[in-house]
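A.B. asks: Listed below, chain by chain, are the residues.
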Amino acid sequence: MLEIGNLEVVYNKVVLVLRGVSLRVEDGQAVALLGSNGAGKTTLLRAVTGLLSIHDGEITKGAVEWNGERLEGLAPTEIVRRGVAQVMERRRIFPDLTVEENLLAGAYQRRDGEVRADVEAQLERFPVLAGRRSSAAGYLSGGEQQMLAIARALMARPKLLLLDEPSLGLAPKLVEEVAGVIGSVNAEGVAVLLVEQNAAMALDVADHGYVLETGRVVHDGTAEELREDRDVKDFYLGLGAEGRKSFREVKHYHRRKRWLS
Amino acid sequence: MEKLLQLTFSGLALGGTYALVALGFVVIYRSSQVFNFAQGEFLIVGAFLMTTLTSSGVPWPAALLVAMLVTGLLGAVIERVVLRPLVGRPTFVLAILTIFIAFLMRTAAVLIWGADTRAMPSPWPRDGTLSVLGARVTYNSIGAMVATAVALLAFFLLFRRSKIGIGMRATATDQEAALGVGIPVGRVFGTAWFIAGATAALGGVFLGMFPRVVEPNLGFVAFRAFPAVLLGGLDSPAGAVTGGLILGVLELLAQGYVNPALGSFGQNFHEVFAYMFMIVVLVVRPYGLFGRRDIERV
Ligand SMILES: Nc1ncnc2c1ncn2[C@@H]1O[C@H](COP(=O)(O)OP(=O)(O)OP(=O)(O)O)[C@@H](O)[C@H]1O
Ligand SMILES: [Mg+2]
Numbered sequence: 031m032l033e034i035g036n037l038e039v040v041y042n043k044v045v046l047v048l049r050g051v052s053l054r055v056e057d058g059q060a061v062a063l064l065g066s067n068g069a070g071k072t073t074l075l076r077a078v079t080g081l082l083s084i085h086d087g088e089i090t091k092g093a094v095e096w097n098g099e100r101l102e103g104l105a106p107t108e109i110v111r112r113g114v115a116q117v118m119e120r121r122r123i124f125p126d127l128t129v130e131e132n133l134l135a136g137a138y139q140r141r142d143g144e145v146r147a148d149v150e151a152q153l154e155r156f157p158v159l160a161g162r163r164s165s166a167a168g169y170l171s172g173g174e175q176q177m178l179a180i181a182r183a184l185m186a187r188p189k190l191l192l193l194d195e196p197s198l199g200l201a202p203k204l205v206e207e208v209a210g211v212i213g214s215v216n217a218e219g220v221a222v223l224l225v226e227q228n229a230a231m232a233l234d235v236a237d238h239g240y241v242l243e244t245g246r247v248v249h250d251g252t253a254e255e256l257r258e259d260r261d262v263k264d265f266y267l268g269l270g271a272e273g274r275k276s277f278r279e280v281k282h283y284h285r286r287k288r289w290l291s
Numbered sequence: 006m007e008k009l010l011q012l013t014f015s016g017l018a019l020g021g022t023y024a025l026v027a028l029g030f031v032v033i034y035r036s037s038q039v040f041n042f043a044q045g046e047f048l049i050v051g052a053f054l055m056t057t058l059t060s061s062g063v064p065w066p067a068a069l070l071v072a073m074l075v076t077g078l079l080g081a082v083i084e085r086v087v088l089r090p091l092v093g094r095p096t097f098v099l100a101i102l103t104i105f106i107a108f109l110m111r112t113a114a115v116l117i118w119g120a121d122t123r124a125m126p127s128p129w130p131r132d133g134t135l136s137v138l139g140a141r142v143t144y145n146s147i148g149a150m151v152a153t154a155v156a157l158l159a160f161f162l163l164f165r166r167s168k169i170g171i172g173m174r175a176t177a178t179d180q181e182a183a184l185g186v187g188i189p190v191g192r193v194f195g196t197a198w199f200i201a202g203a204t205a206a207l208g209g210v211f212l213g214m215f216p217r218v219v220e221p222n223l224g225f226v227a228f229r230a231f232p233a234v235l236l237g238g239l240d241s242p243a244g245a246v247t248g249g250l251i252l253g254v255l256e257l258l259a260q261g262y263v264n265p266a267l268g269s270f271g272q273n274f275h276e277v278f279a280y281m282f283m284i285v286v287l288v289v290r291p292y293g294l295f296g297r298r299d300i301e302r303v
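Chains as they are written, first to last, in this note's numbering: chain A, 31 to 291; chain B, 6 to 303.
Looking at chain B on its own, in the form it has when it is part of the complex:
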């Protein structure tokens, strides 16, 4: 029982970081229907920036804000310079372009920060834990869960209540009509990329706190977040978070219970498990748990 709770809490925390990465996918997909494969690279940049900032003496909260801001701006710049001129091409072309962007960003990150691991600082005692229902939960886990909750709330307000949210959703459904009514579609894309970059940085910082180190391979977590996005529905922030949490918990439960049972064969079973689960869900619900079909009425 204690093990189950323990694994569940860690799973929620891990899932929270998946969710943050997934939210970045959603915000870009939601405004431009482009699947951004470079999301994991924004995460690396954000995490490395964080280590650089804190090790040069910037207090943790300020460093987090600056890392998010700078990574967000990087996203906006990449959108403006690389993607904007190509908008209007089929979206899969743009999606493929983001793969090259990912490659370039990863290379640049290695050039700047090296391929070695770096320590990711925490604002609280590293090994501090709280006892919840008898299980020990690390401050890191709680921090990740809080960050996810705050980000989700912010996304909800952004999409549902803000002007830019209307602009993004309108642009996603009909770019020409959005332009026609006066929405500055280019600026909407830029904003989406900014938000995606900033959220990725947030995810990177919390993800880095689990192994407590940052290295370029951290970005591969984005591939673990794909199932989260597809599971939740590509255009749904709530879906991205739910998908992320479900996968995080399943992953740790599989690691804790199924892997040992499979013996040496089961060493990395938990990593495959997420994909297996995703496939099953998508067979039953092709648009994901929260994704919506288009409203079409002619």
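Extracted from the complex, chain A is given alone in its bound form:
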């Protein structure tokens, strides 16, 4: 079980981005985290995966507990090793590695002898990838890259899968396909924390949802309840695909430099 309690995160020692967020993902549960641009969704995931420090971010209060163990301060590798894998925003596959090498990269911290078998299993799950196993991942289409990003995360054999806006930039049909994949991964017993702006899609997949706004949880309930909630309806479900898209185009914040602490 992932339990986030009263979490506060500050960037660059001054910018307070999460203001006391509490959230919980039970074993095997699928949880949606909704929120508009800049709400702090990615920041919350970074706090779980240990990637805050490379963004000059810091947990100033609260706790992130995974099966009773505190994750704060652990190296990202260690967190993956404990069964928490992620699909990052904008997929972030390794473009000049082959599809197969991308999958192997996802199993990097594993020490068991079943990695090869898992590669085959993932290629079987994603037939679009199987035919491209030896070609550079950068040449895959957007949808295929998203599938690869998910497959790569599954190579870590996670018990919890974090996904950051997997529907971003995909055509409706592909969004449905991604939702299907997430649903089936969850059905296999992997807990899911799904960050989305596409609330319709996320609430379809999830059992439970949270709505984050400027660093605070403003709604929280079962997927059913949230779908019926008027605010959620107006704000998130009311926006057509068009509206969402222009929202996204406003999004400038994208820091992709190289770091490591």
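Please note: incorrect hints may appear among the correct ones.
[Claimed, not checked] Pairs of lysine to aspartate or glutamate residues, derived as DMTMM-like cross-links and limited to a Cα-Cα distance of at most 25 Å, are as follows:
no.	chain 1	residue 1	chain 2	residue 2
1	B	K168	A	D126
2	B	K8	B	D132
3	B	K168	A	E108
4	A	K189	A	E150
5	A	K189	A	E174
6	B	K168	A	E154
Calculated directly from the structure, the hints in this document are not laboratory data. None of these values were measured; they are calculated from a predicted model.
Chain A is already provided as a structure; the job is to place chain B with the ligands on it using the hints.
C.D. replies: Positioned in the frame of chain A, the structure of chain B with the ligands alone reads:
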């Protein structure tokens, strides 16, 4: 004809040592996008270590292994202590830092080993030669070519077939994503520096066998290897080796044929020639002979 062959073989051997130095650049660049200007200093340290070890009675092959190992470890330590804390800064900052590292290492080497020349031992008769197609090829040359071939093969297997190779290439393209999937990026950098140090030592040992002496200025050969790296493509081991070999051969051919023709003006023409050639190639192929453009598909 005999002169041509002779020069070509010596050129390949010399180019092989350039290639070894160039491979060290490539392995670090390939994992961290940092251009390591201290590569030549690792070469000096490796070569001096070799002379110390053999003169204290360690058999040649064992001495070579120890020199490579120790120089490699030195690389890993420098990475951990000096560079790791700064990772995340723009890579040119790190590259400039390696210039200071180079300076410190050179000073330390002079303090430890002195500025005098030392004899570099060979495991085979010093002046032994083999006759190949009528040309005399020294054992030293053959040794350098074999070492280059072995190193290239090892690099190929490392990058293409090994887990750490995947880790290095993944880290080079996207550090955050590499961390995110669980690759211990710090350890990947350390390994890259270890390999770069060990390869530089190997190059230093063979390079030292040509003039047969070792002195701190040996490290300047790194500057002669720069064109090799840029020529081949910064991220390509095969390119580094090809670039090194081409430059080695061109350098000796220029020395043998062009320098005399230029009279006193041409004394050091061969050293400039490499740079001239590099510039021409880079104008035609900006990413080098083997370098790849980024795959970008949005
Ligand atoms: N490295 C950083 N340094 C400073 N501020 C940051 C940094 N990363 C994010 N922020 C700020 O923190 C806030 C939350 O960002 P975050 O990326 O977590 O939002 P998000 O909910 O994921 O948004 P989006 O839907 O656009 O991805 C934003 O105001 C953003 O500007
Ligand atoms: Mg985000």
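A.B. asks: Which numbered conditions among the earlier hints are violated in the structure presented, ordered from lowest to highest?
C.D. replies: none
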